[in-house]
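Spelled out, the chains give:
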Amino acid sequence: MSSTFQFDRVVGRTLLYILLVIVLLFMAFPIYYMGITSLKTPGEAYRLPPTLWPQRLAVESYPYVAQAWSYWRTLANTVLVAGAAALTATTLGGISAYGFSRMEFTGKSVLYGLLVATIAVPGMVTVGPIFMAYKDLRLLDTHIGLILVFAAEFIPVAFLTLFTYFKAIPKELDEAAAMDGSSLIDIMFRIIFPIALPGFAVTFLLLFIAGWHDFLFAFTLTITPDTRLLTVRLFEIPVRSDANTTPYDLIAAGGVLILVPVIPILLRVQRQLVEGILAGAVKE
Amino acid sequence: MAIVSINNVQKHYGAYHALKGVSAQIDDGEFVVLVGPSGCGKSTLLRMIAGLESISDGTIEIGSRVVNDLRPKHRDVALVFQNYALYPHMTVEQNMSYALRLRKTPKHVIDEKVGRAGSILGLTELLKRYPRQLSGGQRQRVAMGRAIVRDPQVFLFDEPLSNLDAKLRVQMRAEIKQLHQRLKTTVVYVTHDQIEAMTMADKIVVMRDGIIEQIGSPIELFDRPRNTFVAGFIGSPSMNFIPGTVKGGRFVAGTGVHLPLPDGARVDAVTYGIRPEHLKLDNAGFAVEVVVIEPMGSSTQIIAKVAETSITIISTERLALQPGSTVRLMPDLSAVHLFDRSELRISD
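The listed protein sequences derive, respectively, from chains A and B. In terms of the working numbering, the first sequence opens at residue 1 and continues consecutively. In terms of the working numbering, the second sequence opens at residue 1001 and continues consecutively.
Bound conformation, chain A alone:
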């Protein structure tokens, strides 16, 4: 009886692992393929059927792409735009989420509905009007213009995430702080926001990654290489002077160069998410 049970357990576990490996392969293969393609020679990258491991390791594509893109400059642009937009959205979204989580006022549910509804508006719909407005406002091809658009897009997301977070913090903490003599600003910045710090961190990092990913606005609202972001650069991958084929090795190398900087952030987010969930679970 007990040995049958043991057997069932082992079979169950094995099946589970096989399934997990399949899922993992499914998700990881494109990234793997990008990685190895970036290390192939241009000829091998183009060959059919494709090879699953480079016959000759070639790293030439990296310096080529890095130079053609002014990689460091573009990386700095992307960090600046994504970072500033995520910070603005997290701060403003956080302040409004706190207000919504604590106060009753006329029109609250309408405002809430409007805020959330803006998440559903596709960027495609707004990009045209924004382009025309930016032309008049001389915000085209500026980082501040991009930051404003990204921040506007991110605020509702930050609002929703942090609203849930604040809702989980007991109102008595605000009241205790008020009894202790805090002003509203004290309550927010000395009590509630520090408690919600994991929530702020996760929100900021997720929005930062969203900014990193954006293509539509970054492509439409910037013109010169000086203001371009990484994703747009990938679209503008150079064609080698000596070839007229699609430079798969260069595209792959560009992809790696875009992906690598966010890996530490993704790992950090993963940890914060777990911590954030735990913090909610043990809150008294």
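Honestly, the hints are just simulated from the structure, not real lab data. Take every hint as true, because none was put in to throw you off.
The calculated lysine-lysine pairs, modelled on DSS-like cross-linking and capped at a C-alpha distance of 27 Å, are:
| no. | chain 1 | residue 1 | chain 2 | residue 2 |
| --- | --- | --- | --- | --- |
| 1 | A | Lys108 | A | Lys171 |
| 2 | B | Lys1020 | B | Lys1203 |
| 3 | B | Lys1104 | B | Lys1073 |
| 4 | A | Lys171 | B | Lys1073 |
| 5 | A | Lys167 | B | Lys1073 |
| 6 | A | Lys171 | B | Lys1104 |
| 7 | B | Lys1305 | B | Lys1280 |
| 8 | B | Lys1128 | A | Lys171 |
| 9 | B | Lys1177 | B | Lys1167 |
| 10 | B | Lys1128 | B | Lys1104 |
| 11 | B | Lys1113 | B | Lys1177 |
Listing some non-contacts, in silico: residues in chain A with all C-beta distances to chain B over 12 Å:
| no. | residue |
| --- | --- |
| 12 | Arg9 |
| 13 | Lys108 |
| 14 | Met124 |
Cβ atoms here follow ideal geometry from the backbone N, Cα and C, with glycine treated the same way.
Please arrange chain B on chain A, whose structure you already have, making use of the hints.
Just chain B now, kept in the frame of chain A:
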């Protein structure tokens, strides 16, 4: 230390009338307990004193100053919450010193006050810990410490013991009472537990449905409850109520059980009230049928039936009774309470 005076206070939540004109005077240094079933408005009243709820009508004065429009921080009162509401990201020391730090109190004064409160409450060893590292009782003490360091005019407690287990509750009850005897600050304490009210209060305010039913010392409420509600709410187990009518100098319950009445009892009594401990087994008494016997060691609780009404008897004797058997009971006539049709006690 201050007098708190509540004058015809009302609270409306939209159409809901939570407090329907409440007046009470809390003397300087007095320990007053607001008690009543949930939804009676006791917490609302406390929160209005604290400044966390607006006052729809009437006034509240603290130390002869009307505080209706004052923010909590200007009222000089401290509130201990039911769930403690400790700041989770601060240590015990930081929790207790927060209010003082906000007021830019000099560091040596803060250290001294926190140190003293810590030693009063036995928290000295725990000052560097975070709330999550403390037990329920310790958190409760920190919440009180946070109130004490501020040296307020009035302490407010909102069901502070209801999250603790039974044993700890009894212990903390004594500690809070001791603390009050030591600090002599005015206390307003909210609870739904009448035992807490009886054991701790100088004065009890019994509330129901947004009004005050009776105000008095614990013994006053116990001995002379104004109506059946107070009579049933104060005392454990509750007073027995037997419906019936007065006929020929006796109280006739239901189908003809005759209960003895004190001399000169009024004929308009329709409810006969007697506490479980004031019924004695006596062959001269009236007959009841035993339903359940609950031995508790120091006493035995008997649940019995008299004319379809269930009553409780507490006996300190060791009894050999069987469920279904009939016993005779004699009430202590000096402890019989009679109530009229409007549930008011007919005073002696």
